[in-house]
Amino acid sequence: MSELSEATRRAVEAAQGAGAAEAEAYASRESGREVRVHGGEVESLTAATQSGIGVRAWIGNRVGYAYGTDLSEAGVTAIAARAAEMAAIADEDEYAAPPEPAEIEALSGLDDPSVQTWETPRVAELALTVERTALAADERVVAVEQAVYADSSERVAISSSVGLAGEYESSSCYAYLQALAEGDDGRETGLGFGLARGPDGLDPVEIGAEGAARALAMIGASKPESRACPVVLDPTVAASFAGLIGGALGAKAVQRGRSPFAGRIEEELASEAFALHDDGRDPEGPASAPFDGEGVPRRRTALIEQGRLRSYLYDTYTANREGVHSTGSAARAGYRSLPSVSTSNLLVATGGLSEAELLRAAGEGVYVTDVAGLHSGVNPVTGIFSVGASGRTIRGGELAEPIREFTIAGELVAMLGAVQEAGAEARWVPFGGSVKTPPLLIAELAVSGS
Amino acid sequence: MSTAANGNGADLIAPEVAERVLARALANGGRFAEVFAESRQGLTMAIDESRLESVQSAAEEGAGVRVIDGATTYFAHVDGLDPADLERAADEAAAALRGARREPQALGAQFSQPIPIERRPEEVDAATKAVLLRELDERGRGQGEEIAQFTASYAEARRRVAVANSDGLLAADDRTRTRIGAQAVARRGEVVETGAETLGAHRGFELLEDDPGQIAEQAARKALTLLAARPAPSGSMPVVVGGGFGGVLFHEMTGHGLEADHIQKGASVYAGKLGEAVAQPLLNAYDDGRLPGEWGSDGIDDEGAPTNKTLVIEEGRLVSYLYDHVTAERDGHRPTGNGRRESFRHLPIPRMTNTYIAPGEATPEAMIEEVENGFYAVSFGGGQVDPATGDFVFGVSEGYLIENGKVTAPCRGATLVGNCLDALAAIDAVGDDFWMKTGICGKGGQKVPVGTGQGHVRVGRMTVGGTAR
Chain A
192 MSELSEATRR
202 AVEAAQGAGA
212 AEAEAYASRE
222 SGREVRVHGG
232 EVESLTAATQ
242 SGIGVRAWIG
252 NRVGYAYGTD
262 LSEAGVTAIA
272 ARAAEMAAIA
282 DEDEYAAPPE
292 PAEIEALSGL
302 DDPSVQTWET
312 PRVAELALTV
322 ERTALAADER
332 VVAVEQAVYA
342 DSSERVAISS
352 SVGLAGEYES
362 SSCYAYLQAL
372 AEGDDGRETG
382 LGFGLARGPD
392 GLDPVEIGAE
402 GAARALAMIG
412 ASKPESRACP
422 VVLDPTVAAS
432 FAGLIGGALG
442 AKAVQRGRSP
452 FAGRIEEELA
462 SEAFALHDDG
472 RDPEGPASAP
482 FDGEGVPRRR
492 TALIEQGRLR
502 SYLYDTYTAN
512 REGVHSTGSA
522 ARAGYRSLPS
532 VSTSNLLVAT
542 GGLSEAELLR
552 AAGEGVYVTD
562 VAGLHSGVNP
572 VTGIFSVGAS
582 GRTIRGGELA
592 EPIREFTIAG
602 ELVAMLGAVQ
612 EAGAEARWVP
622 FGGSVKTPPL
632 LIAELAVSGS
Chain B
532 MSTAANGNGA
542 DLIAPEVAER
552 VLARALANGG
562 RFAEVFAESR
572 QGLTMAIDES
582 RLESVQSAAE
592 EGAGVRVIDG
602 ATTYFAHVDG
612 LDPADLERAA
622 DEAAAALRGA
632 RREPQALGAQ
642 FSQPIPIERR
652 PEEVDAATKA
662 VLLRELDERG
672 RGQGEEIAQF
682 TASYAEARRR
692 VAVANSDGLL
702 AADDRTRTRI
712 GAQAVARRGE
722 VVETGAETLG
732 AHRGFELLED
742 DPGQIAEQAA
752 RKALTLLAAR
762 PAPSGSMPVV
772 VGGGFGGVLF
782 HEMTGHGLEA
792 DHIQKGASVY
802 AGKLGEAVAQ
812 PLLNAYDDGR
822 LPGEWGSDGI
832 DDEGAPTNKT
842 LVIEEGRLVS
852 YLYDHVTAER
862 DGHRPTGNGR
872 RESFRHLPIP
882 RMTNTYIAPG
892 EATPEAMIEE
902 VENGFYAVSF
912 GGGQVDPATG
922 DFVFGVSEGY
932 LIENGKVTAP
942 CRGATLVGNC
952 LDALAAIDAV
962 GDDFWMKTGI
972 CGKGGQKVPV
982 GTGQGHVRVG
992 RMTVGGTAR
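Residue numbers (our numbering), protein chains in the order written: chain A, 192 to 641; chain B, 532 to 1000.
Worth flagging that the hints you see were computed from the coordinates, not collected in a lab.
In this text the structure is predicted, and so the values were computed from the model without any measurement.
You can trust all of the hints, since none of them are fake.
Computed footprint of chain B on chain A, listed as stretches where at least three residues anywhere in the stretch have a Cβ under 8 angstroms from a Cβ of chain B:
#1 558–568
#2 575–588
Here's a subset of chain B near chain A, in silico, CB distances under 8 angstroms, partners left out:
#3 ALA589
#4 ASP610
#5 THR725
#6 SER765
#7 LEU878
#8 THR920
#9 ARG943
#10 ALA945
Calculated Cβ distances over 10 angstroms to all of chain B for the following chain A residues:
#11 SER196
#12 ALA209
#13 SER305
#14 ARG455
#15 ARG551
#16 ALA617
Even glycine gets a Cβ: it sits at the ideal position worked out from N, Cα and C.
The following block holds chain A by itself, in its conformation from the complex (with noise of 0.2 angstroms):
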């Protein structure tokens, strides 16, 4: 047993010593890096290393929660019985339990060997790499504010006192930029990216040039006419709402009646465009595990298919409560959270036509390539929004001039309703959690500008 499998035994074990009826243990083990680059030279180089355990506890049906930082003998059991004394605080609720074990099936791929084997040199120049990229594109782009790169390894364990255990280990990395254009009247931004689970899965150039391409196109942006008409949103947009979607799709906001979708299970709700599937055991996706939060087996969830609501997604406090089934959807942002309902990998089904056939069937809207505002702008009880949007319009079937401060507004359930169409190529985006989607064509959204 590892280490770290050997720290949660213990801090099972210290909880019950210290009252707890029942006890779960899980700790983290992550070492990563950050190179941040500016300038063709290394702005900053970052080395960390970070453990931690966080405790369940539960006496009765009330249930605590402690974590730390302290893996020694004496710090585990300490954080154990605060777990205890946390759970003392807490109500009575008749759904709360431990989750019982299951049958985890491994999942292999998790952990690419190129994070281990690039020295720290050879990911700096992929970084410097990107940023050149985007300044050898085009004069016009006259900065890269910063390019970054960063990766981690991480090992999790888990157990619990009902006989749960599991181990695993993963790697993930990125690198983007946020390149600088320069037009008559100011700058323009643009964001350029790319995820995989080692060095040797990302392309710096093509990183640099979609950062560069992005800027450049705006430049010269002016404000759209207010206006309700079609709206094609692009895989980095499309993942936002894709996200907002899936976390009005965790039961925990469904069952008490803080989402849109509550009460329309089997409803016909969007259009046989859009399809939507939660997969936490793609072995593609950054978010895949072979155990959730709670160490129940990860699987793939139907959420919206053929226009219907199929399934919420449920960890097993949520699931006790309506006598169903945890999909394994309990997330956790580390050890210092608790777990709670939440997407892992989310799947936007793909449609069968180009972007160009997506601009041709949009005729006259807009091309919507970034949103902001989110977490401000969108309802999340009540699935209405208005987000600050940039992009370019749509004319006869085409992309033309670009556009700025503007808004989308609609509704959530409604936009389901009026996607038309959904592009033939996916792409992974991490916006809105981990998505994969293609760009989708939504028949009528409001665009506020002029």
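For this one, chain A is given, so just place chain B on it according to the hints.
Coordinates of chain B only, in the frame set by chain A:
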């Protein structure tokens, strides 16, 4: 675990250990080295469906060591505060350097000016906090039968920090923040609306002695008011912005653009505008990390510099940017006490503390009366800006129409969009009422507590993006 509490964080790292760590950090050269040690304890709990839940206790400690050489910063962080942990961080930070050893200066006397806390939250028993949340729940739900859901949260955190650097600086701080929040969901038939309110400060439990339950009523009343709301209008019009959290408008559209890292990279619309008029002469604005007890205040910044009151806009002219150590050195400017970091796991960067528009001379009533048709944005859910382009967006959480100089119907789903320089120059009235509110600001993946404030402010013209057809 270091649990001794002598009130200033000095016990986190002994001076002789700090000197040894700094010497190791400079073993392969470098112009500057720093060690930042931190110990954090926290407690959070929530009430949802009238049930006390999510009771959580946190205890983390660790350190970050950085070495600056030329234009490059080398940084390493570790969990734990044993001398061996700190030395490991120093070795990792120094590992990529290839120069000759440098000797750090001997450490001077420790500087510390922590904000005094009257009643330590960790000394208040858990039952008292539970009673507080139950009171919030009762008062929120008591506002009307249309309150369908109500949640409230309590959070306390104590961060003790110590900083030592190769220039001989040794400083420490002991920071306690307390915050409660309330969120209500109101339902009338098919119509569902939400309302939220928070109360927070760099203070202890004394913050909660004066009727904290009123935030529950305020959150519930907001949600109930919105039940009668109509969809917000769309178009360009005068906008009167409320005081307090209305200051997030200035925070986003100007504050971020004044952070010196954006300026030095040419990624701010305010670059090269020092001394120029960027607003009408009625506008004065500050960043002040020393406001007593405010949410964004600290005794020192996270690089050991004393926090400071910085005038950033004087009678409409831009007079100062906000600096951390690295950017101040580059500009040959004195530090302004704005080097902040989320934790020992992050590098300090220039950040706002409490940012506000100073009170003006207009009354809110007159400001509204002068508007024929416009929008009254009382409070925001939040906002976002791209400092390089100046484009910003704000979600309005509570807004009303202004018709013929009178505040009329409540509106839902409004968003304000615009460009910083245009909107800042379009501020044509600043109110004589003034108050501060709390916020959590994100930048570069780091979240820090910030204060925002102002009285009522009017922007002559701005784009309102609503859902009305």
